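Please take these sequences and the hints and turn them into a complete structure.
Residue numbers (numbering that gives the first Met the number 0), protein chains in the order written: chain E, 0 to 422; chain A, 0 to 422; chain Y, 0 to 422; chain S, 0 to 422.
Rather than coming from a laboratory, the hints here were simulated on the basis of the structure. Here the structure is a predicted model, which is why all the values come from computation and not from measurement. Keep in mind that a hint or two might mislead.
Put simply, identical chains are the same to the list, so a pair is met inside one copy or across any two.
Derived DSSO-like pairs: lysine-lysine, alpha-carbon spacing no greater than 27 angstroms straight-line [claimed, not checked]: (1) Lys1 to Lys26; (2) Lys1 to Lys96; (3) Lys1 to Lys367; (4) Lys222 to Lys96; (5) Lys288 to Lys96; (6) Lys153 to Lys288; (7) Lys281 to Lys60.
Protein chains: 4
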Amino acid sequence: MKPMATFQRVESQVRSYSRSFPKVFDKALGATIYDIDERAYTDFLAGCSTLNYGHNDPDLKAALIEYVSANGIAHGLDMFTDAKEHFLATFERLILKPRGMGHHVQFTGPTGANAVEAALKLARKVTGRTNVIAFTNGFHGVTLGALAATGNSKHRDGAATPLSGVSRAAYDGYFGADIDTADMLERQLSDPSSGFDAPAAIIVETVQGEGGLNAASAEWLGKVQAIARKHGALFIIDDIQAGCGRTGGFFSFDGMGLSPDIVTLAKSLSGMGLPLALTLIKPEFDIWKPAEHNGTFRGNNHAFVTAAAALDKFWADDQFQNAVARKAQYLAERLMAIADRHDLSIKGRGMMLGVDAGSGEQAEAICKACFAEGLIIETSGSFDEVVKVLAPLTISNEQFAAGLDVLEASFEAVLGSHRAAAE
Amino acid sequence: MKPMATFQRVESQVRSYSRSFPKVFDKALGATIYDIDERAYTDFLAGCSTLNYGHNDPDLKAALIEYVSANGIAHGLDMFTDAKEHFLATFERLILKPRGMGHHVQFTGPTGANAVEAALKLARKVTGRTNVIAFTNGFHGVTLGALAATGNSKHRDGAATPLSGVSRAAYDGYFGADIDTADMLERQLSDPSSGFDAPAAIIVETVQGEGGLNAASAEWLGKVQAIARKHGALFIIDDIQAGCGRTGGFFSFDGMGLSPDIVTLAKSLSGMGLPLALTLIKPEFDIWKPAEHNGTFRGNNHAFVTAAAALDKFWADDQFQNAVARKAQYLAERLMAIADRHDLSIKGRGMMLGVDAGSGEQAEAICKACFAEGLIIETSGSFDEVVKVLAPLTISNEQFAAGLDVLEASFEAVLGSHRAAAE
Amino acid sequence: MKPMATFQRVESQVRSYSRSFPKVFDKALGATIYDIDERAYTDFLAGCSTLNYGHNDPDLKAALIEYVSANGIAHGLDMFTDAKEHFLATFERLILKPRGMGHHVQFTGPTGANAVEAALKLARKVTGRTNVIAFTNGFHGVTLGALAATGNSKHRDGAATPLSGVSRAAYDGYFGADIDTADMLERQLSDPSSGFDAPAAIIVETVQGEGGLNAASAEWLGKVQAIARKHGALFIIDDIQAGCGRTGGFFSFDGMGLSPDIVTLAKSLSGMGLPLALTLIKPEFDIWKPAEHNGTFRGNNHAFVTAAAALDKFWADDQFQNAVARKAQYLAERLMAIADRHDLSIKGRGMMLGVDAGSGEQAEAICKACFAEGLIIETSGSFDEVVKVLAPLTISNEQFAAGLDVLEASFEAVLGSHRAAAE
Amino acid sequence: MKPMATFQRVESQVRSYSRSFPKVFDKALGATIYDIDERAYTDFLAGCSTLNYGHNDPDLKAALIEYVSANGIAHGLDMFTDAKEHFLATFERLILKPRGMGHHVQFTGPTGANAVEAALKLARKVTGRTNVIAFTNGFHGVTLGALAATGNSKHRDGAATPLSGVSRAAYDGYFGADIDTADMLERQLSDPSSGFDAPAAIIVETVQGEGGLNAASAEWLGKVQAIARKHGALFIIDDIQAGCGRTGGFFSFDGMGLSPDIVTLAKSLSGMGLPLALTLIKPEFDIWKPAEHNGTFRGNNHAFVTAAAALDKFWADDQFQNAVARKAQYLAERLMAIADRHDLSIKGRGMMLGVDAGSGEQAEAICKACFAEGLIIETSGSFDEVVKVLAPLTISNEQFAAGLDVLEASFEAVLGSHRAAAE
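Rendered as structure tokens:
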């Protein structure tokens with residue numbers, strides 16, 4: 000096939016998802032994505048949680064087309080634009096104010112990694128310290144500053160140079176249910192001879208999207224926040240994958256009584272998959288000099304337009320949130336049934352849920368079986384052992400159920416046969 | 000004014016261009032940008048060379064609207080999509096093949112910094128070395144890996160942690176016309192006791208867009224490439240600001256007889272200001288493991304669509320290139336006249352030209368005077384002393400001339416009065 | 000007093016022990032040290048375990064005087080000398096061979112820190128990895144490479160630059176008796192996404208001399224060695240303070256069934272307090288190039304002479320070792336009695352034993368009270384809370400008992416009064 | 000031979016000088032060193048300038064024996080001792096006061112590298128900056144902090160980890176006589192976009208002992224000092240190899256009108272080759288906290304005794320200095336003659352002089368020829384191309400002349416034949 004040949008010839012070996020899903024796709028709507036042979040696939044990957052509202056939401060699409068048609072500014076560096084103002088005002092009104100958050104909004108280069116880089120730089124500036132505490136299995140991006148905080152060795156090795164400036168702590172539950180890793184961190188930071196330098200920041204995901212869908216408890220997160228405060232460090236929540244509704248609320252930490260000093264957002268923020276990232280900063284820590292952290296595409300106005308439209312459509316009242324909660328409940332029930340059937344365990348929280356398939360090989364086989372049946376789904380975890388459901392939050396109940404049926408059957412097909420082989 | 004209040008209240012202090020141009024803009028077409036009071040401004044900033052084809056080029060805009068309307072995939076991670084295939088095939092046909100370049104194309108996170116991070120990581124992987132040679136006044140981005148290669152101290156200080164992994168060499172002409180800085184570099188790398196560790200890469204801009212429009216000669220660049228080869232380092236051209244036609248050819252090094260191992264592109268690549276970045280890699284160095292360098296927005300399909308349209312429109316034959324050459328000639332004449340009149344010198348190459356105004360204060364005053372007359376223009380250089388013309392390459396002759404008239408008058412207004420004050 | 004004025008005027012503020020013991024000393028013999036007013040002090044500091052055989056042992060002294068008198072070479076760079084040969088042959092015969100150790104001996108610059116620097120550099124060379132695992136409360140020296148492995152924040156802050164290349168693990172018992180920190184380390188190193196980079200080495204003290212006399216169990220050390228082996232890291236025992244008989248055997252790990260790849264020695268090695276340090280390396284890891292790690296004073300021949308004499312005198316048979324064991328037993332009984340009396344706990348192993356006085360203030364007050372009574376003794380630990388007995392191993396039973404009487408009385412004087420104050 | 004077998008079997012491969020001089024030495028007096036077969040060698044290596052007063056100077060030896068015999072304290076940590084007081088008072092009276100230097104004296108671990116580590120750490124503490132400027136071909140030691148400042152790639156590679164915290168500048172004359180490298184450094188530091196971070200310190204040797212006997216002019220050093228002052232950096236002279244009389248005065252910068260903020264000394268300081276190192280610090284920069292930089296052997300009292308005796312003997316009046324000047328003059332004449340004869344050039348200053356033999360191979364052959372004739376001499380330089388004369392400053396005129404005769408003949412033997420071979 001000609002398109003395949005182009006990719007083989009011209010694209011870098013670094014490509015990855017195209018290896019799991021070796022089709023050429025061209026159109027997408029809602030939870031469905033189509034290949035050039037017009038076959039439809041249900042999308043349980045959703046751009047790794049970038050398409051929480053599905054593909055090409057009609058209202059977002061309409062807003063974008065209207066804006067472009069009217070010669071709205073596409074690229075504005077960080078100049079004031081109407082579209083940016085509208086996004087900021089909407090974000091303030093629907094997201095920040097209702098939560099009592101007075102954070103400033105920094106538009107960074109439009110990648111999550113860039114938002115993390117900005118967060119870490121700022122925390123170091125504010126505190127005059129260089130050490131950052133990050134957690135086992137954390138994923139924060141692959142540019143050198145963010146990568147130092149990322150746990151995954153494949154990505155770390157990609158730096159091909161030592162990564163520094165980060166001390167590693169154990170995530171909630173890392174050493175089992177009986178060991179409180181927050182207490183361990185407190186012990187280390189309180190001991191002046193522990194070798195843990197006083198931190199500029201503690202950066203944490205509430206659910207580790209790449210690291211295996213480990214979900215921290217509100218209590219543990221509260222302890223970590225308190226530790227940060229006590230030791231003069233900024234408390235940063237990287238909400239890039241878990242935020243924007245994925246776990247239920249707009250922020251993954253909604254309702255937990257937390258008050259992070261910095262929050263990073265990206266992925267589903269623009270609502271339509273357009274590149275957009277931001278770093279929320281408590282005003283007292285917004286000590287940036289003009290342009291000290293900059294970037295060409297920090298004014299992606301198309302994304303401002305769709306992002307504002309998404310906020311207006313989904314976050315103006317509780318309806319969407321309630322619907323997501325119901326879907327999450329349903330998802331949990333379905334995955335629990337699968338897990339029970341195969342003596343496995345489920346991982347995650349909200350609509351960010353998966354099943355630990357026991358090994359990377361089994362998880363891969365399951366995902367492959369799903370794809371054969373028209374379901375796009377991927378793995379997560381240290382050994383890629385967790386089959387991860389990241390369906391669009393807007394998926395219809397019917398399509399969701401059908402997709403989960405495929406998933407269930409794939410577990411059966413793979414683990415049934417595995418068991419048979421073992422017996 | 001309400002919009003201003005929103006920015007004051009909600010946006011981070013890090014914003015910069017909005018300080019120079021304190022208006023709220025909403026629409027733009029070609030070389031003109033409009034504020035919400037419908038005042039028109041001529042844009043000699045062009046998104047810092049991101050809008051080489053002007054704002055909202057009608058053909059690009061039409062291609063985008065058509066694509067979106069048809070539910071084309073917006074966000075595709077790094078899966079195969081029709082839009083990506085079309086871009087790759089077009090890029091290969093119109094750009095790579097005619098130049099005999101067999102480079103692979105890596106889609107990185109859609110920021111120039113990310114393309115640079117990928118380039119430096121890969122060079123370190125390929126060579127097993129960690130040191131990178133970068134140049135005085137170079138600018139490569141502000142994420143930690145790219146920032147280490149960037150020369151600007153304001154940006155470097157923003158890291159708030161020491162930057163490592165880069166040795167600094169002097170750019171062409173840095174120590175005056177009589178000193179060959181390439182020879183100096185060769186001397187240092189050939190001396191096993193010089194303290195310059197064997198480099199993984201030498202990264203260079205052919206014209207330093209942020210660093211003061213210093214333009215390297217083809218001869219010097221050739222020497223630097225030869226030094227890289229001799230010492231086992233990859234030769235990387237960062238063509239993010241100078242590429243995509245800004246200096247005349249598609250690549251800023253067209254016609255120089257160079258063969259860079261890696262090239263980074265971003266800014267004007269998408270043609271319409273949409274975030275897109277890529278790293279071109281000679282196949283023998285494309286040793287990435289799948290996903291080793293990844294990023295959520297590396298499949299920005301809207302940008303693929305407009306980028307392919309831009310290549311088709313502007314680079315299928317010589318017309319555009321010839322027109323740019325004529326405009327560059329005209330620009331040089333106009334700036335030369337200004338420089339002569341005020342005993343100043345001009346900097347840069349092609350449509351990336353400026354006048355060293357003697358000091359940052361004078362340059363700022365000139366830009367301010369321009370803005371009052373409806374011309375958006377910015378500075379560059381170690382002391383922001385160069386008034387930099389980055390007009391859209393597609394600007395009409397009339398608008399170009401009128402803009403340069405404003406510029407000329409502003410020099411007169413500021414430097415005339417300065418001289419008067421001095422006398 | 001004139002001498003004091005000289006120090007005040009000329010010596011750097013960095014001096015420390017002279018603040019605890021503000022007298023000018025001039026002579027010393029065995030376990031006694033004299034000030035210039037001829038007052039005698041019992042030395043329970045012993046040069047921080049550098050004078051395990053006491054001051055000016057008559058046989059060592061005689062050997063040195065004889066050597067100097069005969070114009071023996073004092074300084075030999077790393078040329079072959081008779082004195083070095085004699086030391087090497089003796090060390091091989093009495094120390095290495097009986098233990099079945101085939102290690103090569105590297106003479107580094109004559110400081111413990113330098114031996115550690117050599118060990119870490121070599122482990123990185125051997126493995127091609129840069130990360131080193133070091134432990135909470137570890138102390139390995141204050142030059143930049145060794146300091147990165149050191150836990151103490153006062154010393155770390157002295158670098159005034161971030162320290163890198165070390166991941167921190169928890170020492171035996173760090174999180175209490177119920178948590179096996181070796182299992183934790185194994186978990187982290189086996190998890191490819193833990194953020195612990197594959198280590199070049201694990202470096203450990205069997206007893207943490209500066210870190211509070213924490214003593215690792217043989218079982219835990221065996222586990223750590225096995226972890227190092229499993230993960231391709233070199234296992235380094237830093238035996239600088241605990242070695243040379245301090246804990247009973249020549250090496251602190253004698254009889255534990257361990258086989259460290261690298262061992263560092265210094266402090267008491269020369270037997271008389273002369274600067275000498277070495278790094279023992281298993282032959283298969285001795286891949287140094289000639290002079291790759293060098294240093295002017297790595298051939299301190301005076302120290303070779305006394306070191307060989309010390310080995311001959313104390314380590315040719317079991318007598319010394321048995322005597323040390325008896326003294327250690329006595330010491331443990333005496334300190335246990337003190338600890339019981341004040342509801343405190345004892346720390347350490349062998350003749351490297353102390354009492355956790357509950358706080359740094361109390362420990363300091365106790366040491367001060369001792370000094371007033373002619374006993375020199377110091378503290379250790381994260382908060383300097385451990386009163387540490389490091390008497391010469393050769394101290395007479397009578398002087399040892401008398402010194403411990405003073406110590407006991409000082410605990411009584413300080414903690415009695417503290418309790419009285421609290422009541 | 001038995002001793003050789005011991006070294007082969009037990010000593011690490013890192014040994015180096017023993018490869019050039021494969022004999023076992025046992026005694027030494029003045030400028031003569033003897034092997035165990037009683038063959039005498041003239042020592043033009045002098046412990047790499049550690050034995051400026053020759054081997055076993057009778058007065059120093061007597062002082063040491065007397066001190067040891069009387070049970071003088073050998074090892075005193077950093078407690079006040081009579082021997083230290085005597086050294087400090089003598090150093091102040093004979094060295095500091097006459098030069099109007101009010102520097103404090105820090106006793107570091109007794110290696111030059113350790114003195115450099117202390118200097119760099121302190122400069123970073125004082126300035127709050129991390130970057131240090133060091134020069135091409137500089138040598139400052141091989142522990143990680145000092146090694147970062149060292150230029151030699153063999154030593155740098157030994158770290159097996161990237162070295163950071165140092166920017167490299169070109170030494171006096173590095174780019175030829177016509178290029179003022181101090182002006183280049185000033186240009187780079189004055190340019191906020193040069194990529195040279197504001198430095199904590201500039202560290203320089205006045206003559207590069209290991210780097211090829213490059214000698215900086217007083218004018219250039221004065222410029223560098225002024226640059227340091229202007230840019231808020233401490234000016235550090237590493238006088239470890241060039242100091243203690245080697246270039247004529249006690250400090251190598253005597254009479255140059257310089258006022259370094261920090262000076263490091265080691266090598267010949269103890270006068271007899273015993274390990275001793277110190278860091279001289281202007282009082283206003285002596286902001287160390289107690290023990291912030293420490294080390295077990297910083298109180299090597301034997302070395303204090305011989306160091307004070309050496310100062311008294313050689314530096315109480317001008318006699319020694321004048322004699323050294325005469326010898327240096329004679330040396331220059333002899334080497335000039337050799338250089339002229341073979342169309343070579345001489346390098347260095349004072350009694351730290353050599354001949355650039357054209358290549359490392361030739362230099363090695365010459366040294367080998369010398370050794371065959373009983374002369375110990377070594378090379379220096381990026382390619383080990385400089386034959387370096389480091390005779391004891393106290394060598395008799397007769398022995399000096401005879402040694403130089405051997406050197407002259409060896410040049411003839413090697414370069415004569417080389418030329419013959421070439422013809």
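So, going through the hints one by one against the coordinates:
no., hint, verdict
1, Lys1 to Lys26, "within (18 angstroms within a copy, 40 angstroms between copies)"
2, Lys1 to Lys96, "between (52 angstroms within a copy, 17 angstroms between copies)"
3, Lys1 to Lys367, "within (24 angstroms within a copy, 53 angstroms between copies)"
4, Lys222 to Lys96, "within (25 angstroms within a copy, 54 angstroms between copies)"
5, Lys288 to Lys96, "within (26 angstroms within a copy, 44 angstroms between copies)"
6, Lys153 to Lys288, "between (35 angstroms within a copy, 9 angstroms between copies)"
7, Lys281 to Lys60, "neither (32 angstroms within a copy, 38 angstroms between copies)"
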